[in-house]
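**Student:** Taken in sequence, the protein lines are chains B and X.
Per the working numbering, the first sequence starts with residue 13, numbered consecutively.
Per the working numbering, the second sequence starts with residue 13, numbered consecutively.
Derived from the structure by calculation, the hints contain no laboratory data.
Among the hints, erroneous ones may be present.
Label pairs and their in silico Cβ distance ranges [said to hold, decoys possible]: (1) B/123 - X/101: 20 to 26 angstroms; (2) X/53 - B/40: 43 to 49 angstroms; (3) B/94 - X/104: 23 to 29 angstroms; (4) B/40 - X/244: 32 to 38 angstroms; (5) X/36 - B/240: 29 to 35 angstroms; (6) B/94 - X/230: 28 to 34 angstroms; (7) B/151 - X/348: 39 to 45 angstroms.
All residues carry an ideal CB built from backbone N, CA and C; glycine is no exception.
Residue strings, one per chain:
2 protein chains.
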Amino acid sequence: MSDRVYLDWNATTPLRDEARRATAAALDLPGNASSVHAEGREARKWIEGARSAVATAVGAQPRSVVFTSGGTEANALALAPGLRRDGGSAVERLIVSAVEHVSVLFGGRFSQTSIASIGVTRAGVVDLDHLRDLLRGGPPALVSIMLANNETGAIQPVEEAAAIVHEAGGVLHIDAVQALGKISFDMRGLGVDLLTVSAHKVGGPKGVGALVLSEGLSGPEPLLRGGGQELSRRAGTENVAGIAGFGAAAAAAMDCLPASTARIQTLRKQLENGLRQTRGTLIFSDSVQRLPNTTLFTVPGLRAETAVIGFDLAGIAVSSGSACSSGKVQPSHVLQAMGFDAEIAQGAVRLSMGWSTQDADIDSCLEAWRSLSGRLLKSQRRNTA
Amino acid sequence: MSDRVYLDWNATTPLRDEARRATAAALDLPGNASSVHAEGREARKWIEGARSAVATAVGAQPRSVVFTSGGTEANALALAPGLRRDGGSAVERLIVSAVEHVSVLFGGRFSQTSIASIGVTRAGVVDLDHLRDLLRGGPPALVSIMLANNETGAIQPVEEAAAIVHEAGGVLHIDAVQALGKISFDMRGLGVDLLTVSAHKVGGPKGVGALVLSEGLSGPEPLLRGGGQELSRRAGTENVAGIAGFGAAAAAAMDCLPASTARIQTLRKQLENGLRQTRGTLIFSDSVQRLPNTTLFTVPGLRAETAVIGFDLAGIAVSSGSACSSGKVQPSHVLQAMGFDAEIAQGAVRLSMGWSTQDADIDSCLEAWRSLSGRLLKSQRRNTA
């Protein structure tokens with residue numbers, strides 16, 4: 013598939029060379045990281061190296077990093093009643109933004125009746141006044157807001173949210189899965205209490221992630237209990253190879269971050285200028301700060317499922333939104349929360365780029381789109397005539 | 013560490029060549045297995061291939077296999093109130109054997125007050141009369157018994173247990189993590205309802221496992237919710253590389269199983285004959301059927317922690333029992349359940365072998381042990397004089 017153009021980086025980032033090397037090296041360690049012999053200590057060394065790299069990438073202490081099997085598990089671990097900041101009260105309810113990843117919307121270990129939803133603007137940004145209203149009066153809440161949305165790329169006002177949540181005696185979790193490696197941020201600077209990241213969004217292997225905890229936070233209760241791994245916060249023999257790859261990918265992503273951002277932003281401008289040549293093109297969240305690499309767009313009458321298949325046949329991998337719901341053809345809950353009707357929401361196509369994306373990829377994509385949109389939109393018009 | 017002798021296969025089996033190749037190949041797939049484009053379909057293909065291989069290895073249908081991040085997660089997923097066999101009642105309590113892995117002893121999603129423990133004989137075999145007593149009278153129970161013990165290697169009467177449990181309207185989970193690849197078994201033949209396996213015990217990567225469900229079983233409720241992966245039984249982007257490695261390792265382990273078993277049994281005989289040269293040597297569970305590769309032994313006055321370090325310095329990786337409790341120096345709960353006092357339990361050293369173990373490794377181990385036991389037991393005697 014070497015001639016293919018890959019524009020689905022928000023689903024999975026291609027493996028970085030650094031991650032491939034680290035994963036392969038760690039894969040061959042026979043030791044269990046909990047064993048005391050030399051083989052065990054060697055496995056432990058790789059894990060602790062990766063822990064430092066991930067901690068540095070998000071601006072935290074290594075001991076704050078709990079490795080998990082991915083973002084979904086980290087979110088499930090984070091969303092737990094009983095969480096408490098230093099000197100604060102235990103949270104009893106959950107407030108999530110309406111545009112969260114589905115693994116957050118499920119609410120972890122909170123009962124469905126104790127979960128409230130924060131609305132977003134038409135540009136996909138969390139409504140902080142609504143958050144204030146929801147916090148007022150009730151018992152202490154855990155609030156979960158993503159740092160950047162996986163579908164639109166919209167960056168959320170997390171720092172302001174942290175101040176509001178803490179003022180109300182609450183705890184703030186952010187899902188930074190889509191933001192890591194695409195924009196600079198610092199957990200302490202943002203003032204958040206828990207933060208989720210995932211390896212395969214920064215060029216590491218799939219099936220590894222981490223929950224990072226702020227200093228002084230009590231909880232969450234472990235989701236997996238048994239052995240004493242991860243300071244008894246997450247039991248189970250560690251995915252040594254995956255964790256090593258995560259560490260290497262996170263370090264590499266941080267190294268190339270500012271230069272990569274500027275270059276990709278230029279490519280996106282070129283891409284979006286091209287897309288706008290089609291009459292009626294709508295680029296979601298383009299009036300607010302977005303991740304530099306993400307374009308979610310539609311044209312009246314477009315069906316995303318058909319467009320994704322058309323792009324695929326033209327040799328270009330794109331997405332119709334979140335890739336996490338295998339086989340489901342449902343309108344995006346993100347666009348519905350932004351106030352778009354189901355018909356528009358079902359027409360949204362996501363193009364997302366990364367470090368190896370080149371001018372030529374954008375050209376190929378636009379060329380394919382010109383041909384595809386001509387055919388698809390014509391056939392759409394016929395079908396609805 | 014190429015001159016080292018690795019006799020800690022029950023902690024982690026060295027990576028099989030087949031698993032290394034499959035993991036490396038799958039690691040480079042950029043696609044997310046939930047994406048519909050060619051890259052996504054390719055990732056999906058690797059996962060489904062591995063699912064078939066794991067299903068074949070345990071005697072189940074591919075659709076019965078739920079991939080997890082390891083044995084601990086599979087056990088946590090399995091131990092859920094509400095499980096029900098076709099036409100049966102939902103289980104309300106949990107009965108576990110006293111020699112289970114610690115991830116089972118924690119009881120998953122059962123409250124601590126609804127968990128009972130089945131005693132074992134001095135040879136480490138589950139007492140089926142005690143199981144019958146525990147089942148009698150109470151509400152329907154989930155019973156969890158391991159197929160083979162990770163410390164002693166003792167094989168449990170799982171088939172008989174299944175008949176007893178089903179007669180009482182219960183559900184049987186078996187933890188087959190330590191048995192897979194070491195002895196032949198068939199899930200349907202054993203008649204069990206849920207079965208846990210792990211990749212790194214059969215030469216696959218660490219951090220991958222599976223829960224296998226029998227046909228007609230209802231539940232368990234997912235532990236990780238979000239995307240629709242694994243037929244909505246376990247959300248989260250799949251560890252494609254790890255799963256591919258698991259599939260390849262499981263297939264390779266099955267291919268060489270009977271030949272490997274016979275060869276290793278001969279090596280163990282040689283090993284145990286050598287160990288018994290030391291006066292007072294006790295080999296645990298040697299009066300019952302054991303895994304062919306496992307020897308747990310002690311000598312009066314031995315301290316396992318010191319022995320493990322001594323072996324390590326002599327270039328030999330061995331274990332003092334379960335490696336899953338990082339940093340914990342506690343007497344084995346398995347040996348305590350078998351009726352041995354804490355002093356004996358703290359002296360137990362586990363030697364476990366695998367397909368690449370050679371005559372020379374056994375010779376090196378016995379040579380190291382002769383020198384080590386002379387020094388250690390002398391110093392023990394001095395210390396306690």
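**Student:** Next step is simple, just say for each hint if it's right about the structure.
**Tutor:** Cross-check of the supplied hints:
1. B/123 - X/101: 20 to 26 angstroms: Given about 24 angstroms between the Cβ atoms, the range holds.
2. X/53 - B/40: 43 to 49 angstroms: This hint is violated: roughly 30 angstroms between Cβ atoms.
3. B/94 - X/104: 23 to 29 angstroms: Given a distance of about 25 angstroms, which is inside 23 to 29 angstroms, the answer is holds.
4. B/40 - X/244: 32 to 38 angstroms: Holds: the Cβ-Cβ distance is about 35 angstroms, inside 32 to 38 angstroms.
5. X/36 - B/240: 29 to 35 angstroms: Since residue 36 of chain X and residue 240 of chain B have Cβ atoms about 31 angstroms apart, the given range 29 to 35 angstroms holds.
6. B/94 - X/230: 28 to 34 angstroms: holds (30 angstroms)
7. B/151 - X/348: 39 to 45 angstroms: holds (43 angstroms)
Of the numbered hints listed earlier, the single one contradicted by the structure is hint 2.
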